[in-house]
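Undergrad: Construct all of the structure, not just a fragment, from the sequences and the given hints.
These protein sequences, in sequence, are chains A and B. Read in this note's numbering, the first sequence has 528 at position 362, and its numbers run on one by one without any break. Read in this note's numbering, the second sequence has 358 at position 192, and its numbers run on one by one without any break.
Worth double-checking, as some hints may not be accurate.
If several chains are the same, the list does not tell them apart, and a pair holds so long as it fits within one copy or across any two.
To be verified - SDA-like, lysine to any residue: derived pairs with alpha carbons at most 25 Å apart:
1) K233 x T614
2) K598 x Q613
3) K573 x E482
4) K573 x Q185
5) K573 x A339
6) K439 x Y498
7) K598 x E348
8) K432 x G605
9) K598 x V200
10) K233 x A618
11) K432 x A215
12) K573 x S428
13) K233 x E610
14) K598 x L273
15) K598 x A339
16) K259 x A236
17) K432 x D532
18) K432 x E528
19) K432 x A503
20) K432 x D558
21) K233 x Q613
Think of the hints as simulated: they come from the structure by calculation, not from any bench.
2 protein chains.
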Amino acid sequence: MKVSESAIEACDREPLIEQLRTLLGDRISTNRSVLEQHGHGESWHPTQAPDAVCFAQSTEEVAAIVKLCAASQTPIIAFGSGTSLEGQVQAIKGGICIDLSQMNQVLEVNQEDLDCRVQAGVTRRQLNRYLRDSGIFFPIDPGADASIGGMTATRASGTNAVRYGTMRENVLALTVVSASGEIIRTGTRARKSSAGYDLTHLFVGSEGTLGVITEISLRLYGLTEAISAAIVNFPDVRSAAEATIQTIQMGIPVARIEIVDSAFIKAINAYSKTDYAELDTLFLEFHGTRAGVVEQVQMFDEISLEFGASGFQWAEHEEDRQRLWRARHDAYYAGLALRPGYRGYVTDVCVPISRLADCIAETRADIATSGLFAPIIGHVGDGNFHTTIFIDPDDDAMFAKALELDKRMVQRAQGMGGTCTGEHGIGLGKLKHMRREHGDGAIEVMQTIKAALDPQNIMNPGKIVDC
Amino acid sequence: MKVSESAIEACDREPLIEQLRTLLGDRISTNRSVLEQHGHGESWHPTQAPDAVCFAQSTEEVAAIVKLCAASQTPIIAFGSGTSLEGQVQAIKGGICIDLSQMNQVLEVNQEDLDCRVQAGVTRRQLNRYLRDSGIFFPIDPGADASIGGMTATRASGTNAVRYGTMRENVLALTVVSASGEIIRTGTRARKSSAGYDLTHLFVGSEGTLGVITEISLRLYGLTEAISAAIVNFPDVRSAAEATIQTIQMGIPVARIEIVDSAFIKAINAYSKTDYAELDTLFLEFHGTRAGVVEQVQMFDEISLEFGASGFQWAEHEEDRQRLWRARHDAYYAGLALRPGYRGYVTDVCVPISRLADCIAETRADIATSGLFAPIIGHVGDGNFHTTIFIDPDDDAMFAKALELDKRMVQRAQGMGGTCTGEHGIGLGKLKHMRREHGDGAIEVMQTIKAALDPQNIMNPGKIVDC
Chain A
167 MKVSESAIEA
177 CDREPLIEQL
187 RTLLGDRIST
197 NRSVLEQHGH
207 GESWHPTQAP
217 DAVCFAQSTE
227 EVAAIVKLCA
237 ASQTPIIAFG
247 SGTSLEGQVQ
257 AIKGGICIDL
267 SQMNQVLEVN
277 QEDLDCRVQA
287 GVTRRQLNRY
297 LRDSGIFFPI
307 DPGADASIGG
317 MTATRASGTN
327 AVRYGTMREN
337 VLALTVVSAS
347 GEIIRTGTRA
357 RKSSAGYDLT
367 HLFVGSEGTL
377 GVITEISLRL
387 YGLTEAISAA
397 IVNFPDVRSA
407 AEATIQTIQM
417 GIPVARIEIV
427 DSAFIKAINA
437 YSKTDYAELD
447 TLFLEFHGTR
457 AGVVEQVQMF
467 DEISLEFGAS
477 GFQWAEHEED
487 RQRLWRARHD
497 AYYAGLALRP
507 GYRGYVTDVC
517 VPISRLADCI
527 AETRADIATS
537 GLFAPIIGHV
547 GDGNFHTTIF
557 IDPDDDAMFA
567 KALELDKRMV
577 QRAQGMGGTC
587 TGEHGIGLGK
597 LKHMRREHGD
607 GAIEVMQTIK
617 AALDPQNIMN
627 PGKIVDC
Chain B
167 MKVSESAIEA
177 CDREPLIEQL
187 RTLLGDRIST
197 NRSVLEQHGH
207 GESWHPTQAP
217 DAVCFAQSTE
227 EVAAIVKLCA
237 ASQTPIIAFG
247 SGTSLEGQVQ
257 AIKGGICIDL
267 SQMNQVLEVN
277 QEDLDCRVQA
287 GVTRRQLNRY
297 LRDSGIFFPI
307 DPGADASIGG
317 MTATRASGTN
327 AVRYGTMREN
337 VLALTVVSAS
347 GEIIRTGTRA
357 RKSSAGYDLT
367 HLFVGSEGTL
377 GVITEISLRL
387 YGLTEAISAA
397 IVNFPDVRSA
407 AEATIQTIQM
417 GIPVARIEIV
427 DSAFIKAINA
437 YSKTDYAELD
447 TLFLEFHGTR
457 AGVVEQVQMF
467 DEISLEFGAS
477 GFQWAEHEED
487 RQRLWRARHD
497 AYYAGLALRP
507 GYRGYVTDVC
517 VPISRLADCI
527 AETRADIATS
537 GLFAPIIGHV
547 GDGNFHTTIF
557 IDPDDDAMFA
567 KALELDKRMV
577 QRAQGMGGTC
587 TGEHGIGLGK
597 LKHMRREHGD
607 GAIEVMQTIK
617 AALDPQNIMN
627 PGKIVDC
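TA: Structure below.
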């Protein structure tokens with residue numbers, strides 16, 4: 167069953183915008199640059215601007231906006247910090263963007279329960295600044311300073327999901343405004359529950375297509391006594407992957423285990439004036455007690471030697487650790503520095519870890535054949551990796567090649583039992599891969615749910631189930 | 167919106183049973199004792215037998231059974247090992263029970279990926295026997311030797327969820343037969359994915375009301391180098407709860423942390439000929455490297471002393487450890503031994519851990535007032551605890567008192583931000599608490615999903631959303 171599109175037609179938004187202006191005063195904008203800015207994330211997907219942007223300040227206000235939009239069957243797109251990577255916020259059918267960045271209050275922190283509740287516009291860095299000195303923290307780190315609402319909506323993760331899980335594992339409860347403008351609460355503050363359908367997880371990763379997430383309860387974690395980082399070189403990706411598999415299997419609770427391929431290391435050395443050996447390299451972080459971290463490092467060191475590693479460097483002091491991770495995080499800019507004027511097209515596949523070495527090796531061969539500059543970075547503990555394909559924005563042929571490379575990567579990963587997206591979401595970019603991944607049966611279930619919960623198809627229409 | 171019940175009416179099942187007999191041969195039964203046996207779990211809820219029991223051997227067979235049932239709008243109840251505790255399998259509107267116990271194959275084990283795929287009838291002990299000597303195991307332990315399908319359908323957990331999570335965290339992918347008899351696959355073998363709606367989590371905990379789960383992919387874990395157990399007495403429940411909070415907050419990765427109250431300890435001493443101090447007691451288990459376990463035990467010991475603990479005993483050897491956990495597991499029988507001829511009525515609330523001491527203390531006072539014999543056991547690391555109310559099956563007044571006590575426990579837990587069920591599910595027993603817990607908005611979303619995915623209301627009708 168295809169979701170009906172008949173409800174979504176271009177029409178005169180002026181009466182609605184007037185109603186919204188009455189509700190919001192100057193917190194609605196139709197200024198062209200504001201519209202443009204809200205019509206894209208950080209990906210290559212062309213901007214598609216909404217008709218107006220509302221800056222909501224409360225769940226009740228979001229509900230009121232949605233009710234007004236629903237009355238005129240107007241599309242609604244929730245917007246956090248605009249850092250999405252697959253065209254999630256593009257207003258492909260126009261409509262009203264609800265910018266949640268002014269909903270930026272940390273509503274409660276329960277130290278004893280290691281949880282908190284925040285408004286959707288709070289960013290992860292803001293939350294961790296708020297928690298500073300409390301001895302607890304929120305671990306999920308997707309790189310960008312994304313909003314918690316956006317991270318929830320795309321089921322984001324990042325470098326330390328291997329230890330702390332993704333947004334799937336760390337969202338406890340939600341407040342959501344439904345497609346009819348009702349305020350719904352999912353989940354409780356209990357750590358576990360068997361009470362009925364898991365609506366929390368249904369909304370996590372739904373990219374605004376089932377409702378607008380306005381508040382999120384999150385798990386937090388105690389800061390560990392010690393943190394160390396390490397960097398180690400491997401003769402090839404396969405050895406690095408095999409060392410990773412053994413690390414996970416032995417239950418070493420690594421907090422981060424990231425591959426950076428030799429191409430990226432070269433770029434980093436040039437950009438960050440570092441002198442890392444230009445080999446396929448793992449960057450790691452260990453959290454635990456002092457003795458525990460030392461033990462983890464020793465165990466990992468032994469494993470890595472088994473797989474031919476060399477150049478093991480251990481960054482025990484915070485400053486060294488920060489420098490090491492800065493180099494890792496600068497990879498994107500390092501790549502750009504080698505290709506001035508280009509922009510990055512980031513891919514995002516995830517496979518069972520046993521297939522990771524094959525998947526990366528085949529992808530590398532594919533990249534070599536393509537002639538593209540596309541170094542690799544990956545969250546190897548999860549089987550998730552990215553190529554950043556650096557493309558000349560004026561070179562259509564190069565862009566077409568990148569699209570093809572990405573498509574082959576996805577199909578390769580899916581063929582290995584993996585997924586078209588480990589952490590970036592579907593947006594517009596991955597829609598075409600949904601049916602192959604899930605099969606007609608599961609897609610029909612998703613479409614049935616969408617049609618039932620959003621019968622007018624106004625919640626971020628054209629995403630996820632339009633495949 | 168209430169799910170329509172008009173489709174479910176008593177009618178002549180004979181033609182359907184004949185069709186099923188043609189499909190299944192002698193693997194369908196209408197024998198009275200077989201029907202009775204499939205009309206209840208292990209709880210106090212009265213038996214409500216189905217009209218026939220089908221013993222399916224494959225997903226395709228389940229799909230064929232469902233198609234035949236759907237054609238005559240006949241209710242379908244999936245049945246695993248019959249260990250549910252809230253009346254999940256009662257055929258309250260009659261219909262066809264699909265017994266999955268013959269679907270007992272472990273389909274694949276991927277050692278490197280720490281995952282496996284099993285048919286729904288595989289029990290957790292069977293899976294662990296299968297994995298024996300492989301160095302990996304499946305941790306979830308709800309006590310009973312439940313089927314993996316049943317554990318998935320009720321979102322079960324148990325003693326070591328504090329470290330390894332519940333079924334929610336450990337189910338990676340599912341094969342499900344929908345209400346129309348279509349075979350659906352959810353999830354992939356990748357550890358994480360942002361590809362669309364999380365159907366896996368929608369089916370986990372849905373108690374057969376959205377489809378029949380036939381295959382489950384599970385996370386597995388490497389056996390740790392060392393395991394130790396410990397037992398320690400506290401002056402009261404509050405001290406035990408506070409020691410637990412600090413343990414979790416310091417990130418000590420306890421594998422189990424269970425409270426057994428003084429009333430249960432007395433019963434255990436009498437039954438198991440042990441001589442535990444008859445105080446509120448924590449039973450613990452630590453998993454890790456040898457040095458790691460020693461460190462965990464030391465850290466916990468220090469914390470427990472801060473909270474007035476005494477009698478710390480450490481069971482390092484497997485034999486001692488087994489004896490210790492056997493005593494804990496025998497609690498139910500120990501209670502029965504003190505009240506011969508009685509049966510246990512098990513409650514199951516879960517609260518934020520900061521409220522656990524209050525919740526247990528108030529519950530104890532309530533029990534004392536009630537005059538019932540109802541000792542307490544709990545998975546304190548999760549904030550989840552049970553009273554086992556021992557009742558005389560012939561004493562209606564005592565049963566009524568137990569029902570009232572349970573109701574007050576649930577309302578107390580919900581009032582503290584908790585849930586009516588930490589791990590047993592809704593079934594029939596907790597239906598009346600759903601609306602208070604979730605609110606009308608979330609209940610309406612659940613009912614809308616149910617109506618969309620099971621428009622004839624044939625999948626385990628009368629459960630979860632009939633509230």
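Undergrad: Determine for every hint whether it applies to the structure shown.
TA: Hints and how they fare:
| no. | hint | in the structure |
| --- | --- | --- |
| 1 | K233 x T614 | both (22 Å within a copy, 19 Å between copies) |
| 2 | K598 x Q613 | within (15 Å within a copy, 31 Å between copies) |
| 3 | K573 x E482 | neither (41 Å within a copy, 54 Å between copies) |
| 4 | K573 x Q185 | neither (44 Å within a copy, 47 Å between copies) |
| 5 | K573 x A339 | between (35 Å within a copy, 24 Å between copies) |
| 6 | K439 x Y498 | within (15 Å within a copy, 66 Å between copies) |
| 7 | K598 x E348 | between (32 Å within a copy, 23 Å between copies) |
| 8 | K432 x G605 | neither (41 Å within a copy, 56 Å between copies) |
| 9 | K598 x V200 | neither (30 Å within a copy, 49 Å between copies) |
| 10 | K233 x A618 | both (17 Å within a copy, 23 Å between copies) |
| 11 | K432 x A215 | neither (38 Å within a copy, 70 Å between copies) |
| 12 | K573 x S428 | within (23 Å within a copy, 62 Å between copies) |
| 13 | K233 x E610 | between (27 Å within a copy, 17 Å between copies) |
| 14 | K598 x L273 | neither (39 Å within a copy, 31 Å between copies) |
| 15 | K598 x A339 | between (31 Å within a copy, 21 Å between copies) |
| 16 | K259 x A236 | within (15 Å within a copy, 38 Å between copies) |
| 17 | K432 x D532 | within (20 Å within a copy, 69 Å between copies) |
| 18 | K432 x E528 | within (21 Å within a copy, 64 Å between copies) |
| 19 | K432 x A503 | within (11 Å within a copy, 72 Å between copies) |
| 20 | K432 x D558 | within (20 Å within a copy, 76 Å between copies) |
| 21 | K233 x Q613 | both (23 Å within a copy, 21 Å between copies) |
Hint compliance for this structure: hints 3, 4, 8, 9, 11, 14 are broken, all remaining hints hold.
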